[in-house]
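Engineer: Under this note's numbering, the first residue of the sequence shown carries the number 182, and numbering increases by one thereafter.
Just so you know, the hints here were simulated from the structure itself, not pulled from any lab data.
Here a beta-carbon is modelled for each residue, glycine too, at the ideal position from N, C-alpha and C.
Check the hints yourself; a few may be wrong.
[To be verified] Using C-beta positions, here's what the derived DEER-type ranges look like:
hint : residue 1 : residue 2 : range
1    : V237      : P191      : 32 to 38 Å
2    : E270      : Q224      : 15 to 21 Å
3    : R307      : A285      : 30 to 36 Å
[Said to hold, decoys possible] Using 16 Å as the maximum straight-line C-alpha spacing, the simulated EDC-like pairs for lysine to aspartate or glutamate come out as follows:
hint : residue 1 : residue 2
4    : K283      : E199
5    : K297      : E199
6    : K297      : D287
7    : K283      : E200
8    : K297      : E270
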Amino acid sequence: MSDLVNEPGPAVRLRLAEERNVWLCTVRPDGSAHVTPVWFVYQSSRWWIGSDLSSVKVRNIRTEPRVSLALEDGRFPVVAEGDALLIGEGFPREIVTAFEQKYAWDVSAPTRPGSKRVLLEVCIRRWLLAGTAQ
182 MSDLVNEPGP AVRLRLAEER NVWLCTVRPD GSAHVTPVWF VYQSSRWWIG SDLSSVKVRN
242 IRTEPRVSLA LEDGRFPVVA EGDALLIGEG FPREIVTAFE QKYAWDVSAP TRPGSKRVLL
302 EVCIRRWLLA GTAQ
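Work out the full structure: start from the sequences and follow the hints.
Structural biologist: What follows is the structure, given as structure tokens:
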């Protein structure tokens, strides 16, 4: 597949704004894949994902920050590969607002007593889009 390091076109950006789920793939310590559907926002040329600090995906990212993301529609693939950064405090206000607008959800609020939230900021290394496979 072709490397597309530039921002994707308007049709893909519209899907990123409207679609509710993305499959996030992280790498377990034994090298196997861990894949899970997550809510996301795409803003400032970054994917943003909220998670509990104790989640498998966060444990995986601590040791291996490389991730892949794939929108759910396999007929018109949108896949991105990048590196995840964990943000534990000081979530960007514009990202919290974007989650509130998209999902009516506070991404920074703990999901259960005693849990702590983190934000994953994924910087894209390459896009793998429909029609770019070689």
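Engineer: With reference to the structure, classify each hint as holding or not holding.
Structural biologist: Comparing the hints with the structure gives:
| no. | hint | in the structure |
| --- | --- | --- |
| 1 | V237 with P191: 32 to 38 Å | holds, 35 Å |
| 2 | E270 with Q224: 15 to 21 Å | holds, 19 Å |
| 3 | R307 with A285: 30 to 36 Å | holds, 32 Å |
| 4 | K283 with E199 | holds, 8 Å |
| 5 | K297 with E199 | violated, 28 Å |
| 6 | K297 with D287 | holds, 13 Å |
| 7 | K283 with E200 | holds, 10 Å |
| 8 | K297 with E270 | holds, 10 Å |
The structure fails to meet hint 5 from the earlier list, while all remaining hints are met.
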